[in-house]
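Visitor: Here is how the chains run, residue by residue.
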Amino acid sequence: MPILKPSKTKSRIMIEFQDVTIIRGKKTILSNISFTINRGEKSVIIGQSGCGKTSLLLAVMGFCTIPSGTMKVNGSGLTLATLSSIRSQIAYIPQEPVLGSANVLEAIMFPFEFKANRDMKPDSNKVKEHLKKFGLGSNILEKRCADVSGGEKQRIVIARALMMNKSIFLADEVTTGLDAANSELVWNTFNLPDLTVLSVSHDPLWIEKQQSAYKVENGKLLKI
Amino acid sequence: MGTINLTFWGILIIYLILLLPILISWHLKLGIIKNIIISVCRMSIQLFLVGLYLKFIFDLNSFTVNMLWIFIMIIVANFSLLRNSKLPVKELFPWTLIGISGASFSIMAIFVWVVISPAPFYDARYTIPIFGMILGNCMNGNIISLERFFSGIKKNEKEFITYQMMGADLNEATLPYIKSALTAGISPQLSSVATMGIVSLPGMMTGQMLGGAVPMTAIAYQVAIIICILSGMVTGSTINLLILRKTSFTKQGMLKAVFLK
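Residue numbers (our numbering), protein chains in the order written: chain A, 1 to 224; chain B, 1 to 261.
Read the hints as simulated data drawn from the structure, not as lab findings.
The reader is advised that the hints may include incorrect statements.
[To be verified] Computed cross-link-like contacts, DSSO-like style, restricted to lysine-lysine with a CA-CA straight-line distance of at most 30 Å:
(1) LYS27(A) with LYS246(B)
(2) LYS155(B) with LYS27(A)
(3) LYS155(B) with LYS115(A)
(4) LYS158(B) with LYS126(A)
(5) LYS143(A) with LYS115(A)
(6) LYS27(A) with LYS90(B)
(7) LYS215(A) with LYS72(A)
(8) LYS251(B) with LYS115(A)
(9) LYS246(B) with LYS115(A)
With these hints in hand, go ahead and build the complete structure from the sequences.
Guide: So this is what it looks like as structure tokens:
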């Protein structure tokens with residue numbers, strides 16, 4: 001496979017799959033799927049539980065075996081050589097956000113302890129500034145993560161991802177278990193013009209807000 | 001001072017005590033009567049055979065035979081470790097062999113060959129039982145640690161992926177699971193050690209005293225063996241976890257297909 005370097009120019013198409021087959025473990029999950037997601041687009045994948053929606057998100061992040069087809073993220077082909085630079089552009093937000101620490105401030109600083117991010121460590125003003133954009137006061141920094149609501153946790157991890165300059169968000173059932181008001185807050189957080197969001201959801205309110213939608217059925221991906 | 005032998009009738013009375021767990025299991029429908037009977041039968045036969053071959057090995061007391069016996073013990077322990085932690089035996093056998101044999105053998109060598117220093121240094125009476133105690137406990141610690149490590153990553157797959165998506169390399173992403181696996185592996189031994197002498201009198205010490213050793217000699221051996229067991233467990237599990245971290249993941253950072261059954 002040719003080694004493709006990540007594109008330095010801004011590509012209009014952020015995620016592109018052409019005839020991709022996805023294997024997890026030894027099982028073929030999806031066959032010959034094709035789709036494109038443009039910069040700033042908000043797109044959702046629906047389908048029954050266990051049909052392969054999360055596997056599709058994992059494939060975008062390079063965690064699945066791809067025996068055939070081509071995958072591109074922001075113009076770069078997804079190969080072992082480009083994996084780390086592609087992952088550096090993507091934030092993965094599961095239903096139960098991974099905070100990584102017991103206290104909110106420590107949770108925000110958590111990824112900056114990794115070798116790859118140490119030189120990006122934000123100062124406290126930058127942290128407060130980012131939280132403010134998402135309607136979170138600086139008093140939340142002293143709270144224990146266990147005392148923070150589900151909606152606030154989602155907003156904290158999104159703010160943290162933006163501090164790491166992530167521009168593609170893969171959101172896995174992020175509004176499951178949230179009430180309508182918190183769900184709306186999370187949607188407003190994602191609904192920024194520069195953010196490309198590919199989500200998996202069963203939530204009708206979330207689905208109807210998206211610009212495009214796909215359905216996974218019988219190992220195939222259908223545009224709806 | 002000799003040990004009082006257990007007579008046939010004495011042993012029979014001991015076996016009759018087994019009726020208690022069997023009756024409890026029958027009454028509460030625990031479904032473990034068969035397991036109790038099979039386990040006790042296996043244990044009795046195995047120990048009877050051990051008695052026979054240990055007598056043979058002790059009488060022979062040959063360096064080659066002792067080393068061969070140690071080699072067999074390691075192979076059986078490694079096989080048992082992988083089977084009990086529900087890991088693929090074929091793929092991991094050579095890797096876990098390194099941790100379990102390296103840690104147990106080197107610690108046994110320090111204790112028996114350097115500290116006790118019997119003549120000859122490979123004396124079967126010291127080398128075989130002490131190596132067996134260290135190896136057996138090292139195996140038990142490894143079973144818990146390795147099972148906890150792989151099940152932790154499988155159960156928390158999304159968390160593990162998120163760490164990597166946040167920029168963690170494989171070493172950084174697996175570190176929380178390694179820490180939790182090592183703690184889980186050592187905890188049962190640590191709690192037992194902490195109450196030793198108050199709640200329980202450990203097996204080696206009891207055995208030595210029944211065999212006629214003075215209490216202080218028995219205690220010195222017990223302290224030494226406990227330190228060797230703890231060190232063997234932690235060292236063996238750490239070596240194996242570090243090796244498996246390098247060999248069990250794809251280049252993309254996922255567990256290899258063989259672990260996802």
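Visitor: Would you mind marking each hint as holding or not holding in the structure?
Guide: How the hints compare with the structure:
For the hint linking LYS27(A) to LYS246(B), the alpha-carbon distance of about 24 Å falls within 30 Å, and the restraint holds. Restraint check for LYS155(B) and LYS27(A): the C-alpha separation of about 19 Å stays at or below 30 Å, so the hint holds. At roughly 26 Å between alpha-carbon atoms, LYS155(B) and LYS115(A) fall within 30 Å of each other, so this suggested pair holds. About 28 Å separates the Cα atoms of LYS158(B) and LYS126(A), which keeps this hinted pair within 30 Å; it holds.
For the suggested pair LYS143(A) and LYS115(A), the alpha carbons sit about 26 Å apart, so the restraint of at most 30 Å is met. Taken as a hint, the LYS27(A) and LYS90(B) pair is honoured in the structure, with Cα atoms around 21 Å apart against an allowance of 30 Å. A threshold of 30 Å between alpha carbons decides the hint, and for LYS215(A) with LYS72(A) the separation of about 20 Å falls inside it, so the pair holds. A C-alpha spacing of about 18 Å is found between LYS251(B) and LYS115(A), which places the hinted pair at or below 30 Å, so the restraint holds.
Taken as a hint, the LYS246(B) and LYS115(A) pair is honoured in the structure, with Cα atoms around 18 Å apart against an allowance of 30 Å.
Against the hints set out earlier in the document, no violation occurs for any number.
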